[in-house]
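Heads up: the sequence shown is residues 49 to 660, going by the working numbering.
These are computed hints drawn from the structure, not numbers from a lab. Please note that a few of the clues may not be correct.
To be verified - Capping the alpha-carbon separation at 27 Å, the derived lysine-lysine pairs in DSS-like fashion look like this:
hint: 1; residue 1: Lys257; residue 2: Lys201
hint: 2; residue 1: Lys615; residue 2: Lys648
hint: 3; residue 1: Lys232; residue 2: Lys206
hint: 4; residue 1: Lys95; residue 2: Lys133
hint: 5; residue 1: Lys568; residue 2: Lys558
hint: 6; residue 1: Lys404; residue 2: Lys615
hint: 7; residue 1: Lys200; residue 2: Lys232
hint: 8; residue 1: Lys177; residue 2: Lys257
hint: 9; residue 1: Lys510; residue 2: Lys474
hint: 10; residue 1: Lys206; residue 2: Lys177
hint: 11; residue 1: Lys360; residue 2: Lys310
hint: 12; residue 1: Lys424; residue 2: Lys404
hint: 13; residue 1: Lys395; residue 2: Lys296
hint: 14; residue 1: Lys177; residue 2: Lys310
hint: 15; residue 1: Lys404; residue 2: Lys553
hint: 16; residue 1: Lys558; residue 2: Lys655
hint: 17; residue 1: Lys412; residue 2: Lys553
hint: 18; residue 1: Lys468; residue 2: Lys397
hint: 19; residue 1: Lys568; residue 2: Lys620
hint: 20; residue 1: Lys360; residue 2: Lys412
hint: 21; residue 1: Lys424; residue 2: Lys398
hint: 22; residue 1: Lys553; residue 2: Lys620
hint: 23; residue 1: Lys232; residue 2: Lys257
hint: 24; residue 1: Lys333; residue 2: Lys404
hint: 25; residue 1: Lys296; residue 2: Lys232
hint: 26; residue 1: Lys615; residue 2: Lys470
hint: 27; residue 1: Lys360; residue 2: Lys333
Quantities reported herein were computed from a predicted structural model and do not represent experimental measurements.
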Amino acid sequence: VDGTQVASYATPDGSSGSDSTKIDTNWIRDQLATQLATNLPTATITKGDAWVSISGITITTVDTEDGFNGQALIGFTNYVQRFDKLPATAPDGYYVSVNAVPKDGGDPYYVRYNESERIWVECPKSGLKNTINPLTMPHALVRQQDGTLLFKKLTWDKRLAGDEDTNPNPSFIGRPITDMFFFKNRLGFASGENVILSEVGNYFNYWFKSATDIIDSDAIDVPCSTSRINFLNFGVVHNNELIVFSDKEQFILRADGVLSPKTSSLTPATSFSSSPTVRPIVAGKNIYFPVDRSQSTTIREYYTVQDVSELKNSQDITAHVPDYIPTGVTQMEASTTDNIFCLISNKNKKEIYVYKYLYFNEQKVQSSWSTWVMPKDVVGLNFVGNLLYVYMQDGNNIIISTIDFGSDDNDTYDTFVDLKRKYLIKTADYDRLLDETIIDLTALYGYTINTTGLTFYVIDGKGVVTTHTNIVGNKLHLQGLATIEEVIVGVMFTSYFDLATIMLKRDDGKGGYLTDTEGKLMLRRIEVNFAGTNNITAEITSRDRVFRYHLTGKTLGTTTLGEYSLKDGVFKVPVNGNSINASIRLMSNYPGGFNIIGYKWIGNYIKRTQGV
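Could you put the whole structure together from the sequences, leaning on the hints where they help?
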């Protein structure tokens, strides 16, 4: 011990029959233990099956010699060359490093004896921090049995084997987590330049199970492989692939065969700029993501090239309206049920920008943008089935509203109004003195509505619409005794559609069109095709003069004034002006349908020059 001989024993030559008991390993152990206790009086000597331990004093080295080339008596402190040099048993909790000398090949690993199970168990190197701080990790919102929600921190698995080289810390330790996602039954994080995936089926373990072998189900921690720095922002699972976005490039997590830490790699796929703050969304077979520009935002559609599964590409779906989406997009949400996605921006906080698309025979036949203006600042969106949940900030309160994209089977007239409610008129609602039927809005909505500037509609069972403004005391007053029936109450809103500047176009002979700008186009009128519509106002603005034309959906002799009637037909609107100077808006604030199918124009084209 530390260069001083403290015990020795010579086995007998076997000349006596009693010598057979004196070559037993535990007999030899007892002889050595007795001498150790004498020569190391301050030490604690413990005996076990074929071993003796020295504790209670500081020991630097232990050297042993025997007549079997050092294979019969083995001494060690806290490391051994090979696992088979360890005794079958040891003191409970005894810790040792195996193969700690690098020149012998292989990496060191660490074991600890478990007396209750009587086995050596792999463990982490002593002195390391092997836990993950749950306060800095994602938390969970857990539904309780009583229906309440509990926001709680989670318990993350510890490192159970190896050291910082053989089983290093997950890459998110000491770095911010920028995104989280599920992929192939693993919980994944994006952090720095790495994608980190949990053990298969164990979403809270990000360590290897063993330092001596890597198995396919172990956690995965891979960096993106490029010559430039790429901080990863989002991971999107699409078509059984994990596509990871940085602000300049897109990567795909690939593997040769089974996805495992031995075969996985994060390889570059494309190089398109994307917003580092807005999560891309998956809608059907495509991914959509925003790109910030100086004065506006571009929305790109990311897709797999047809018949080439590993080739990706992207196109600008705002190319025809390059300045329509403002900067500062904060969220996007999509619904494949209605082929629509919505986004909000912190620049125009009351507006929701809506993209409507339609594919037919693998070709996109519709790509339209529109805007919904909300009464309050919109702070969040979420699709659930046919419902779009809209979260609006109202002072210190959050208003949760829904927009229903499905039809109401119980609504005879498919009425379009804001704050839509059904109300059953009762006899008690009639005031004989005023000769009025009164609907209390506070009781209808459950809170007091600020009615300033709002126009309310009431639609009865026959489709008769009455308009109410200047609401006093949060109550609607209907003249006379109303029929005891269910009515629809809601707030008027205006929908409008601005036609693009009308230009003359001609075939370029290559399957496309060219705009002819050498002449002057004098519009006479436009003819608007509509369906299921009963009220359209056309507003023509030309050289600061405004003309309005109305379509009411009423046919003389077939309908009664005030009756709800949906029609299909053509609305002819005079324009009489230069197309360059004419601004044409089609709008409706009536609670019926407003469906524009298309339009055509009629005019005179005067060309004063001829190309030679």
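Tested hints:
no.: 1; hint: Lys257 / Lys201; result: holds, 24 Å
no.: 2; hint: Lys615 / Lys648; result: holds, 19 Å
no.: 3; hint: Lys232 / Lys206; result: holds, 22 Å
no.: 4; hint: Lys95 / Lys133; result: holds, 18 Å
no.: 5; hint: Lys568 / Lys558; result: holds, 25 Å
no.: 6; hint: Lys404 / Lys615; result: holds, 24 Å
no.: 7; hint: Lys200 / Lys232; result: holds, 25 Å
no.: 8; hint: Lys177 / Lys257; result: holds, 16 Å
no.: 9; hint: Lys510 / Lys474; result: holds, 17 Å
no.: 10; hint: Lys206 / Lys177; result: holds, 9 Å
no.: 11; hint: Lys360 / Lys310; result: holds, 26 Å
no.: 12; hint: Lys424 / Lys404; result: holds, 23 Å
no.: 13; hint: Lys395 / Lys296; result: holds, 24 Å
no.: 14; hint: Lys177 / Lys310; result: holds, 25 Å
no.: 15; hint: Lys404 / Lys553; result: holds, 25 Å
no.: 16; hint: Lys558 / Lys655; result: holds, 24 Å
no.: 17; hint: Lys412 / Lys553; result: holds, 22 Å
no.: 18; hint: Lys468 / Lys397; result: holds, 23 Å
no.: 19; hint: Lys568 / Lys620; result: holds, 22 Å
no.: 20; hint: Lys360 / Lys412; result: holds, 18 Å
no.: 21; hint: Lys424 / Lys398; result: holds, 6 Å
no.: 22; hint: Lys553 / Lys620; result: holds, 22 Å
no.: 23; hint: Lys232 / Lys257; result: holds, 19 Å
no.: 24; hint: Lys333 / Lys404; result: holds, 15 Å
no.: 25; hint: Lys296 / Lys232; result: holds, 26 Å
no.: 26; hint: Lys615 / Lys470; result: holds, 25 Å
no.: 27; hint: Lys360 / Lys333; result: holds, 12 Å
Every hint from the earlier list agrees with this structure, and none is contradicted.
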